[in-house]
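From first to last, the protein sequence lines stand for chains C and X. If you use the working numbering, the first sequence closes out at 713, no skipped numbers anywhere. If you use the working numbering, the second sequence closes out at 713, no skipped numbers anywhere.
There may be inaccurate statements among the hints.
Which copy is meant is left open, so a pair is good if it fits within one copy or across any two.
Unchecked claim - Lysine-lysine pairs mimicking BS3-like chemistry, simulated, CA-CA at most 25 Å apart:
#1 K539 to K599
#2 K599 to K686
#3 K561 to K686
Please keep in mind that the hints were generated in silico from the structure rather than gathered at the bench.
Spelled out, the chains give:
Protein chains: 2
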Amino acid sequence: MQLLEERIRKDGIVKEGNVLKVDSFLNHQMDIRLFEEIGREFKRRFRDEEITKILTIEASGIGIACIAAQSFHVPVVFAKKTKTKNIAGDVYVSRVESYTHGRIYEIIVSKDFLKQEDRVLLIDDFLANGKALEGLADLVHQAGADLVGAGVVIEKGFQPGGEIIRSKGIRLESLAIVDAMDEKTGEIRFRDQEN
Amino acid sequence: MQLLEERIRKDGIVKEGNVLKVDSFLNHQMDIRLFEEIGREFKRRFRDEEITKILTIEASGIGIACIAAQSFHVPVVFAKKTKTKNIAGDVYVSRVESYTHGRIYEIIVSKDFLKQEDRVLLIDDFLANGKALEGLADLVHQAGADLVGAGVVIEKGFQPGGEIIRSKGIRLESLAIVDAMDEKTGEIRFRDQEN
Numbered sequence: 519m520q521l522l523e524e525r526i527r528k529d530g531i532v533k534e535g536n537v538l539k540v541d542s543f544l545n546h547q548m549d550i551r552l553f554e555e556i557g558r559e560f561k562r563r564f565r566d567e568e569i570t571k572i573l574t575i576e577a578s579g580i581g582i583a584c585i586a587a588q589s590f591h592v593p594v595v596f597a598k599k600t601k602t603k604n605i606a607g608d609v610y611v612s613r614v615e616s617y618t619h620g621r622i623y624e625i626i627v628s629k630d631f632l633k634q635e636d637r638v639l640l641i642d643d644f645l646a647n648g649k650a651l652e653g654l655a656d657l658v659h660q661a662g663a664d665l666v667g668a669g670v671v672i673e674k675g676f677q678p679g680g681e682i683i684r685s686k687g688i689r690l691e692s693l694a695i696v697d698a699m700d701e702k703t704g705e706i707r708f709r710d711q712e713n
Numbered sequence: 519m520q521l522l523e524e525r526i527r528k529d530g531i532v533k534e535g536n537v538l539k540v541d542s543f544l545n546h547q548m549d550i551r552l553f554e555e556i557g558r559e560f561k562r563r564f565r566d567e568e569i570t571k572i573l574t575i576e577a578s579g580i581g582i583a584c585i586a587a588q589s590f591h592v593p594v595v596f597a598k599k600t601k602t603k604n605i606a607g608d609v610y611v612s613r614v615e616s617y618t619h620g621r622i623y624e625i626i627v628s629k630d631f632l633k634q635e636d637r638v639l640l641i642d643d644f645l646a647n648g649k650a651l652e653g654l655a656d657l658v659h660q661a662g663a664d665l666v667g668a669g670v671v672i673e674k675g676f677q678p679g680g681e682i683i684r685s686k687g688i689r690l691e692s693l694a695i696v697d698a699m700d701e702k703t704g705e706i707r708f709r710d711q712e713n
């Protein structure tokens, strides 16, 4: 997605340790006009699919998922990272290893909001090691629902997540795939994608 | 906001301990069509105000803030509840006491995304004890920005948050104010609001 790649080149910051900071427009401050374009692009790529629900994970996936949902005309469910008192009743649980935070956490979703008859699209902002998407896919599997695919805004193509998700037969649409970054020059190389 | 009150009456569940579960449409599963109506109502109430940024807090405020931002044509910034490796540089920090989780946590926002020239609207899904809104207002104050007001979807009128926020001179617009709930009958009484 050219508009997105241009924005990443303009406002993304390459930091030590393969960190790509895009927090001025994607995951701390959020450019809602850009999100609308992102949502429409997800819809274009999944236009032939019947989708009944979007599933994302707190926190930075929520904004993109909500705006994308306007193109799909479906509700959004977000998986929660910790069990709170306000989630009562039965939940599906999956364990996710976070490299960013260096810990393992549980993600949960109420059984009321993922049903066997659902056709689910996963949405997230970043794909690096793929653990969050694997956890979300596991929740969909536990519910007996159909997993239509996954849409991520930025895939770090030099980390294993994309390969892991695709090798499971999950249709993955990444709007920008970063194949290499150079923290010294700030250069970012994107994978060519034909759509 | 009548549409919202009707939805709370229809799908909200009153639980022991003054808990109002609205997770089928507001803060776990999210009804994006309803969020669009909520966003337009916030815009109607703050139509005379110049606003440059919406500030919310992860996680359940983000979806509403993003959809509301479409009516205000401004970016959204969400305060994060824990410091992660990906937030580099200077941040504003405030401490928030959570009754739901029974702990104190820090909320942070990058100094890059709250500026002295900003005119900030706070958005959140729930107002009970007011601690989250107080923390967000504190972040705005630290930045030297103007706090235009706060918009919340549901205020629990029988808890002290609304009174605390209003007594600080902050303009607070709550789209539904629950003055009493009965867990035995499921009855919910809303405060009359003239708009």
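Open item on the list: My question is about K561 and K686: at a cut-off of 25 Å on alpha-carbon distance, are they close within one copy, between copies, both, or neither?
Closed with: For K561 and K686, only the intra-copy Cα distance (22 Å) is at most 25 Å; the inter-copy one is 44 Å.
Status of K686 relative to K599 across identical chains (alpha carbons, at most 25 Å): This pair counts as within: shortest intra-copy Cα distance 24 Å, inter-copy 33 Å.
- Message: I want to check one pair: K539 and K599. Are their C-alpha atoms no more than 25 Å apart within a copy, between two copies, both, or neither?
- Response: both (22 Å within a copy, 18 Å between copies)
Checked against the numbered hints given earlier, this structure breaks none of them.
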